[in-house]
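Could you put the whole structure together from the sequences, leaning on the hints where they help?
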Amino acid sequence: GAVVSQHPSWVICKSGTSVKIECRSLDFQATTMFWYRQFPKQSLMLMATSNEGSKATYEQGVEKDKFLINHASLTLSTLTVTSAHPEDSSFYICSARRADLGGDTQYFGPGTRLTVL
Amino acid sequence: EDQVTQSPEALRLQEGESSSLNCSYTVSGLRGLFWYRQDPGKGPEFLFTLYSAGEEKEKERLKATLTKKESFLHITAPKPEDSATYLCAVCSSNTGKLIFGQGTTLQVKP
Chain A
1 GAVVSQHPSW VICKSGTSVK IECRSLDFQA TTMFWYRQFP KQSLMLMATS
51 NEGSKATYEQ GVEKDKFLIN HASLTLSTLT VTSAHPEDSS FYICSARRAD
101 LGGDTQYFGP GTRLTVL
Chain B
1 EDQVTQSPEA LRLQEGESSS LNCSYTVSGL RGLFWYRQDP GKGPEFLFTL
51 YSAGEEKEKE RLKATLTKKE SFLHITAPKP EDSATYLCAV CSSNTGKLIF
101 GQGTTLQVKP
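Quick mapping for you: the protein sequence lines, in order, are chains A and B.
If you read the first sequence in our numbering, its first letter stands for residue 1, the second for the next number, and so on.
If you read the second sequence in our numbering, its first letter stands for residue 1, the second for the next number, and so on.
Worth flagging that the hints you see were computed from the coordinates, not collected in a lab.
Every residue, glycine too, gets a C-beta built ideally from N, C-alpha and C.
There's no promise every hint is true.
On the chain B side, residues computed to face chain A include the following (Cβ under 8 Å) [stated by the list, open to error]:
#1 P44
#2 T49
#3 F72
Here's what the structure looks like:
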């Protein structure tokens, strides 16, 4: 077990539009979910941490009004990129920590490739 | 400052040629060290969690070890399907967040 899904797997949108990315833990409940961004040939950069039912905690330099995170249940978190611009084009990856096992192991989704034209 | 450094940056092996990847870390209170495998265009796939010095874990051709300053990922008799980027991360007791290294890109040629 410990499967995390993301939808969509890729999206192309016009500049100025908003895009929503869903992250689901399929076979476990997640106390905490994380959103990362990855640029080509670089490692993962944490954007924000979200706990079910509470506001997300954003990393320094990440605009919370631009990257809206909602963690509505123990199996679903969403990231909305508002008024997307070409510089927001990137690979977005979510991860989740299991509620039943404790510990700090994060299980990652397959990622969403966002291209803003 | 919490930091993770992986070496080498890239590694090319012939099929069957065993080797090791290194992950050096400095962290204020280690809550865990993690190894992931990442294929191009995919999210990281969990491999191992290590918690204390001296701990070892194995999975197929992979074996991860941990000391107080570094971790090694040993690959025994690799196959072309082991080609991927291997990421090391530590969890700091201060922040509870994962701090990733830059990764080692492994290419195994048949």
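TODO: Could you tell me which of the hints above the structure violates, numbers in ascending order?
DONE: 3
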